[in-house]
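Undergrad: First to last, the protein sequences are chains A and B. Just add 1 to the spot in the first sequence (first one is 1) and you have this note's numbering. Just add 750 to the spot in the second sequence (first one is 1) and you have this note's numbering.
Mixed in with the good hints, there may be bad ones.
[Stated by the list, open to error] Here are the computed lysine to any residue pairs in the SDA-like style, where the Cα-Cα straight-line distance is at most 25 Å:
1. A:K102 / B:P811
2. B:K805 / A:Y98
3. A:K110 / A:Q7
4. A:K70 / B:G792
[Stated by the list, open to error] Cβ-Cβ distance ranges computed for the label pairs, FRET-style:
5. B:G766 / A:T53: 47 to 53 Å
6. B:T765 / A:P41: 23 to 29 Å
7. A:Q72 / B:K763: 42 to 48 Å
8. A:K59 / B:G766: 48 to 54 Å
9. A:G54 / B:T862: 43 to 49 Å
10. B:M804 / A:P41: 19 to 25 Å
11. A:G17 / B:K768: 50 to 56 Å
12. A:P41 / B:S832: 40 to 46 Å
In short, the hints are calculated from the structure, not lab data. Here the structure is a predicted model, which means the values were calculated and not measured. Note that CB positions come from ideal geometry on N, CA and C, so glycine has one too.
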Amino acid sequence: AQSVAQPEDQVNVAEGNPLTVKCTYSVSGNPYLFWYVQYPNRGLQFLLKYITGDNLVKGSYGFEAEFNKSQTSFHLKKPSALVSDSALYFCAVRDLYNFNKFYFGSGTKLNVKP
Amino acid sequence: DVKVTQSSRYLVKRTGEKVFLECVQDMDHENMFWYRQDPGLGLRLIYFSYDVKMKEKGDIPEGYSVSREKKERFSLILESASTNQTSMYLCASSEPGQGTDGYTFGSGTRLTVV
Chain A
2 AQSVAQPEDQ VNVAEGNPLT VKCTYSVSGN PYLFWYVQYP NRGLQFLLKY
52 ITGDNLVKGS YGFEAEFNKS QTSFHLKKPS ALVSDSALYF CAVRDLYNFN
102 KFYFGSGTKL NVKP
Chain B
751 DVKVTQSSRY LVKRTGEKVF LECVQDMDHE NMFWYRQDPG LGLRLIYFSY
801 DVKMKEKGDI PEGYSVSREK KERFSLILES ASTNQTSMYL CASSEPGQGT
851 DGYTFGSGTR LTVV
């Protein structure tokens with residue numbers, strides 16, 4: 002079975018500090034991994050993806066994520082958090098046997114305090 | 751700008767009512783999906799469709815049905831609404847096959863069943 006896990010329901014960080022939102026995956030082959038962000042009462046927006054190549058992937062709004070095969074992780078990072086980054090973040094993996102389907106984590110709420 | 755549009759942002763329905771949630775995309779995507787989002791549970795797939803008049807059950811199809819008569823429109827139907835179907839419903843679309851793109855999401859419909 003393929004899945005992703007987000008071990009933290011909530012992450013709190015002060016504005017200007019670096020942030021990390023964690024994601025681990027369980028996939029039998031090479032994973033296609035994604036991060037999405039959801040602002041209040043809105044749908045999910047694509048942030049970034051890892052398909053192959055460089056382990057450090059850069060995405061929208063200054064976010065980046067590091068793919069670590071040995072630790073089966075794909076943590077989302079940003080060097081300096083903004084209050085406007087406060088939102089719900091979802092990690093997702095694409096189904097290797099049915100590329101049309103994704104499996105989502107349970108979400109992590111990021112709170113950035115001024 | 752590509753879009754997935756969900757016709758209602760907020761809905762309040764009574765127990766036992768038949769409820770229709772509409773989703774329209776303008777990207778000529780073949781795949782369309784319905785998810786429900788609940789706190790702590792992340793996104794759970796209800797139904798998806800790869801083409802007109804085609805549908806497949808997701809992980810939690812009980813109490814729901816879908817209709818896809820036109821490529822751009824995918825409707826979710828609650829045959830007899832119940833309070834445990836109170837949730838945020840998200841529609842998404844994507845390109846088919848082995849592409850590397852993720853989903854494009856609508857803004858969501860927050861349904862309350864009373």
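Undergrad: It remains to establish, for every hint, whether it holds in the given structure.
TA: These are the hints, each one checked on the structure:
Annotation: proposed proximity of K102 (chain A) to P811 (chain B) holds, straight-line Cα distance about 15 Å (limit 25 Å). Restraint check for K805 (chain B) and Y98 (chain A): satisfied, since their Cα atoms lie roughly 18 Å apart, inside the 25 Å limit. Between K110 (chain A) and Q7 (chain A) the CA atoms are separated by roughly 10 Å; this keeps the pair inside 25 Å, and the hint holds. For the suggested pair K70 (chain A) and G792 (chain B), the alpha carbons sit about 24 Å apart, so the restraint of at most 25 Å is met.
One distance hint, 47 to 53 Å for the beta-carbon pair G766 (chain B) and T53 (chain A), holds here, with the actual separation near 50 Å. Remark: the range hint 23 to 29 Å for T765 (chain B) to P41 (chain A) is upheld by a beta-carbon distance near 27 Å. Our hint of 42 to 48 Å for Q72 (chain A) and K763 (chain B) holds, since their Cβ atoms are close to 45 Å apart. At roughly 50 Å, the beta-carbon separation of K59 (chain A) and G766 (chain B) lies within the given 48 to 54 Å, and the hint holds.
Roughly 45 Å separates the CB atoms of G54 (chain A) and T862 (chain B), a value that falls within the hinted 43 to 49 Å. Between M804 (chain B) and P41 (chain A) the beta carbons are some 34 Å apart, a value that contradicts the proposed interval 19 to 25 Å. Between G17 (chain A) and K768 (chain B) the Cβ separation comes to about 51 Å, which falls inside the hinted range of 50 to 56 Å. A hinted range of 40 to 46 Å is violated for the C-beta pair P41 (chain A) and S832 (chain B), which are about 26 Å apart.
The earlier numbered hints that this structure contradicts are 10 and 12.
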